[in-house]
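Visitor: Residues per chain, in single letters:
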Amino acid sequence: MGLLSLAIWTPIAFGVILLALGRDEQARAVRWLALIGALVSFLVTLPLLQGFDNSTAAMQFVEKSSWIERFNVNYHLGVDGISFWFVLLTAFINVIVVIAGWEVIERKVNQYMAAFLILSGLMIGVFCALDGILFYVFFEATLIPMYLIIGIWGGPNKIYAAFKFFLYTLMGSLLTLIALVYLYTASNGSFDILSWHKLPLAGNVQTLLFFAFFAAFAVKVPMWPVHTWLPDVHVEAPTGGSAVLAAIMLKLGAYGFLRFSMPIAPDAAREWGTLMIVLSLVAVVYVGLVAMVQQDMKKLVAYSSVAHMGFVTLGFFIFNPLGVSGGLVQMIAHGFVSGAMFLSIGVLYDRVHSREIASYGGVVNTMPKFAAFALLFAMANCGLPGTAGFVGEWMVILGAVQHNFWIGALAATALIFGAAYTLWMFKRVYLGPVTNNDVRELNDINGREFLMLALLAIAVLYMGLFPKPFTDVMDVSVAELLKHVALSKLPQ
Amino acid sequence: MMDPTSWMTIYPEIVLLVMACVIALVDLTVKSPRRTATYVLSLLTLAGVAWLNASYASADQTLYGWGRLVVSDPLGHWLKCFAALAVLVTLVYARPYAADRDMLRGGELFSLSLFALLGMDFMISGQNFLVIYLGLELLTLSSYALVALRRDHTPATEAAMKYFVLGAMASGFLLYGMSMLYGATGSLQLDEVLQAIASGQIKHQVLVFGLVFIVAGLAFKIGAVPFHMWIPDVYQGAPTAATLLIGGAPKLAAFAIIVRLLVEGLMPLAIDWQQMLSLLAIASLLIGNLAAIAQTNLKRMLAFSTIAQMGFVLLGFVAGVVNGQTTLAANAYSSAMFYVVGYVLTTLASFGIIMLLARQGFESEEISDLAGLNQRSPLYAGVMAICLFSLAGIPPMVGFYAKLAVLQSLVASGQGFYIGLAIFAVLMSLIGAFYYLRVVKVMYFDEPVTATTVSAPLDVRAVLSVNGLLVLVLGIVPGALMALCAQAVKSMLAL
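Quick note, the sequences are listed as chains C and V, same order.
Note that our numbering has the first sequence beginning at 1, numbered continuously upward.
Note that our numbering has the second sequence beginning at 493, numbered continuously upward.
Don't take each hint at face value.
[Claimed, not checked] Restraint ranges, calculated between C-beta atoms of paired labels, are given here: (1) C:24 <-> V:942: 15 to 25 Å; (2) C:189 <-> V:763: 24 to 34 Å; (3) V:553 <-> C:483: 53 to 63 Å; (4) C:23 <-> V:499: 33 to 43 Å; (5) V:969 <-> C:368: 48 to 58 Å; (6) V:944 <-> C:32: 25 to 35 Å.
Keep in mind the hints are simulated off the structure, nothing from the lab.
The model shown is predicted, which means the values in this text are computed figures rather than measured ones.
Backbone N, C-alpha and C define an ideal beta-carbon position, used for all residues, glycine too.
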């Protein structure tokens, strides 16, 4: 069994064991088993770090065996510089989420933990899959655990959120399924993504395929104007669900653009690049403004996620190395930062049971340790140099300026808005005198919460101070991708 | 005529017939209210027949018997094998349910099921209009009686009446169509009909006239819109055990007669029947999915969902012949076959759960009766959720690959119309996802209204778990079943 298979199936196996054996009477044992499962699943991804070769754009750790012979579908896995970090990121966030749900979840603990473990395995599968159907199976299967997570452990309006999440994302991906089947026919019976990259396609076909993929990936990212599901879902999802959704699930969409839309339909991608840039800028600027007026902390962070993901898609569709690498770095950074933001909100919510900004004020007085973490994550969210949030945004802005000064300038305004809504929220929640009894009675974070926030804080700072290991991995793959996208695939 | 080959071709059916009679007789001496002896004997018979059929199918040869009245080919034997297994599983689920409802007083449930299976077997292997028709009648007459088996229950009696009247009309349609074709071609034999039509000597108008009636009769039997009205009423009104006997295995036989009549008998008219089936499929997908949203009764909802699912099966038949070329036919029909097999497997488990949750004096057929099932029994909630996700076509369940295969057959045609059909079908399955998800929601997100624990006899529990697991496992490794379907259809078309 290859390393990637291990990374995918270890958490799933642990999840299945938890489902089969776990009982609420033995919640303690279930939690520990889940933590061991998450840790083992993370550990098995570490050898990848050692074995990965930065100097090639080819797929590495490749595994290939026949899966469904009749349709020539293969169990084909591999990672390159584009997908590499997401495997580790997913496994890492999974550990954090298991810790975050430790004593918060009391009902059906085994199902909760199993859902996250299985979800993590499936998402790693999405990043590793090199076969169209394998990709689609993993991509769609993630909906089931997430639907259950939102619906069972969510807030008061959870059912609406769960349905909105499921149906919205399913709608997008069903069109992608048709596109995959079409490519299978067009390539004379192959679901191999890499061979699709080389397949010549007529202009109008490329456009249709581009938009079929767009339907799935834009909804997932989410890009303006199909982002409306995200705030609703984030608000109702349990903390762990929000964290995974923001940290990893949104990246599945952005990753799809790099693996499918751009290399398979490069001519259409270039032709419609301007549209993508416009949509991204709307997300960055307009959704940033929307975030500013939110009363609900989770909604605010959700809108800020849309704005940050706007940076990612902006970076991709300006077609230069800085932009694409910047987008990728931003994806990883956003994984840490948004995860941390949601977990911080979760810490407060577990104590006060309110997400309203107005319910808080002066939290720093009663929870100084926690406020310090929150400040760090807030700073990272507005892109302060030295934190992870800075690197990606800065690269994308530089790339955008190279492409067109005004796009760069417009994108840069997002830093201002980002600082405005994040810091304003920080001020209202944490600073000032204690405003009410709920806040007065708050206890500072316990060891478990400290551990989970500290792990994320280390990640945020490390990535902010030493981004080189991250960019080194992706440089060659990004260059190769851009070289590929620059060539026309129209039949001669 | 009485050559050994002929006996060979219907050997499994002979065993089935003899055993059905033996079981009916043995049952006279059985005193136990749960009919254990009859039950065990029936299961052994079904297992034996399934095994016989599987070993015939593995031999991979095509033999004709009784002067081409019946055929023994891998396609038929696999379908008969699956049908026998489906009836077996149905009986396992049905026994506790039937015992609680005084349906086991005589052993009719078992002997009628076996006769129904015998009818299916002849539908599946018939090569002659009359054989197919007689098989169909044997199946439907047994089914009428099964629906009416609960004699003191008004909805069941009403359902039986509806089923009988409409079923008789459908048989009439089919028979009328067959007689038209007989008049035009002068033969009841499928191969001779095929040759006569292919010769091009027969007036197209007459043939299409007969074809319309045949297609209408088939549409009645599988419940395609606009011939679907009996499905919701019968599914809802019949005792769930009978619902599953109608809604499970007979779908395999319905698939088979579509193949035998339309593909083996009327292939030269494919252009015509493909158009008809396209229209039926579009209407079924639309009406089935939309009407299912409004249902609060689970059995009725599953009935409308069946209509929509059958629409998908029909889509597997519409893109076989493109521009007069039959190169895509094997691909298309095998996707329909895979769809039907996956569908039957899923239906068995979902109705199995409904029967399991029913108790004495309580039917558990409203969607709200499933509330909080996850808290009462995570295992059965899990099985039901797997089935619902499979019906919705979400990977990694078998239902996804079924949809994938059908969509692939449409897109492979390269025709704009068929690609449009594929897009329409996926949009409809989005609607479908909504009402399947609603049931999942009720099971997982709502609080239970009753705290009664769910208990089931060991045999039901074991079969149900395996059945549910199989829906998932066939989703993770669907290759073998797909290859089997492709091989079976290919060898049928090669002749």
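Visitor: Just pull the numbers of the violated hints for me, sorted ascending.
Guide: As far as the earlier hints go, only 4 is violated by this structure.
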